[in-house]
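K.L.:
In case you want the letters, here they are:
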Amino acid sequence: MTGTDIMDDMRPAGTATAAAVAKIAARNVQVFYGETHAIRDVSIDIGDRTVTAFIGPSGCGKSTFLRCLNRMNDTIAGARVEGRITLDGEDIYDRRVDPVQLRARVGMVFQKPNPFPKSIYDNVAYGPKIHGLARNRAELDVIVEASLRKAALWAEVKDRLSAPGTGLSGGQQQRLCIARAIATSPEVLLMDEPCSALDPIATAQVEELIDEIRTQFSVVIVTHSMQQAARVSRRTAFFHLGHLVEYGETSQIFTNPRDPRTESYITGRIG
Amino acid sequence: MTEQHILRAFDRDLEAIQEMVMRMGGMVETAILQAAEALEARDEDLAAKVRAADKAIDALEEKINEEAARLIALRAPAASDLRTVLTVMKIAASLERVGDYAKNMAKRANVLGHMAAIPGAGGSLRRMARAVVQMLSDALDAYNTRDVALAGDVRNRDRDVDQMYNALFREFLTHMMEDPRNITACMHLHFIAKNVERMGDHATTIAEQVIYLVTGALPEETRPKAESVTTIGIEGK
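Going down the list, the sequences are from chains R and E.
Be aware that the first sequence starts at 1, since it is given in my numbering, and climbs by one per residue.
Be aware that the second sequence starts at 1001, since it is given in my numbering, and climbs by one per residue.
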């Protein structure tokens, strides 16, 4: 990968547009929870090696849509997904796709840090082990260290890898979960409000981390903090009442949104 | 944007800052008109009043900038709110410059009061000043009502002011060539004319800020322009 296209990523985007290559393409996606029509006809292209933010008021469908991208909604009884979502052109809802394999390619970090009740080492080693990514302990050690380094946690935990992951501070736990998510070398990382349970310093650390890993993965982040979306993302999608209202360069969305609903939301006029 | 913010203090802050700009605009318009009147009527008291009033205009600009900085820091405005704050700061800066030009006109009016009058100059400058005040007043109205059409009209009128300036430039040149004793007065009058012409440019800038505020983009540079006097003196002009 060349350095320059990545380096441009976080700068005020100016007029440069898009998502050069669509990593994920969604077309006419509908989601139903029983009778509830939660996502209405959403089509979106998500770029590779770029940070995409989903914003919108509570209940707008942004988390629901995020969960479609690695078939997490499969686990919810009564949830039904229609339309087409492709990862590198491959339909992820195809019958032949194994959701477990898919989730190794499309990792996820949740709102509340949820480390396994295991050691720090085992938390990170778990994914690579079950997916057979390491042939022996030495290879596993390499993956664990690399993942913890990418998650900017290595220096803080390298001397206590056998200590329980649950004993870390909240911010450290969340970075541990990020290390766990990236240990399987995913291509896409989904983050569902990853900082809402963290203090400002831990939030800044996670944001710095996002800024680092965007050179390797496509990152999609759902956030309630519009300032966070503005800080970390290159493109922003605004959801409202199950619709994708507006999708564009983050700098454009925050200075000159096209849709009055986007304007009302980001200026604090509708909730 | 007529909808209210959920946090109503935000609305109050934005309204307050815009109200200050309107107040500043009113003060600047008065300063121009009074300076022009002082010039034509050779009224030294009025000229002194204009010079003193400029302090209040400067102070108001400073207050607007402080409030704008506070609003950015505390409220993190976005989209049209952000554009409102940005345009408020730019407009205040333009108004402050115009205020300075009016003060300068008042100073020169005092000097000119002690010299032989150049016939017709005071009246011409006063007409030009009125045209500029009308532009300023319309630009500020356009700001208040978010009226892009009116703002575009103000931009187009800048050409008229430029033409008045060009005409005065030639007139003063003629007076100076006819009688060198007119040179001092005409130099002062020329600076006044040039400053009034600059006021028109600032009114145009304000009108362009209105367009930016409403549409999110500055207008293309396509407005009509008057012939420039920059090349006068070159053979054949």
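Source of the hints: derived by calculation from the structure; they are not laboratory data.
Among the clues, some could well be false.
[To be verified] A few chain R residues facing chain E, derived, Cβ under 8 Å:
#1 H224
#2 Q227
#3 T255
#4 N256
#5 D259
#6 S264
#7 G268
#8 R269
Backbone N, C-alpha and C fix where the C-beta goes; we use that ideal spot for every residue, glycine too.
K.L.:
Give a verdict on every hint.
P.N.:
Okay, the hints, checked on the actual structure:
1. H224: It is violated, given that the least Cβ distance between H224 of chain R and chain E is near 14 Å, above 8 Å.
2. Q227: holds, 6 Å
3. T255: Cβ of T255 of chain R sits 6 Å from chain E, so the hint holds.
4. N256: Cβ of N256 of chain R sits 3 Å from chain E, so the hint holds.
5. D259: Violated, because the Cβ-Cβ distance from D259 of chain R to chain E comes to roughly 11 Å (cut-off 8 Å).
6. S264: holds, 6 Å
7. G268: Holds: closest Cβ of chain E sits about 5 Å from G268 of chain R, inside 8 Å.
8. R269: Cβ of R269 of chain R sits 5 Å from chain E, so the hint holds.
In this structure, the earlier hints numbered 1 and 5 are contradicted, and the remaining ones agree with it.
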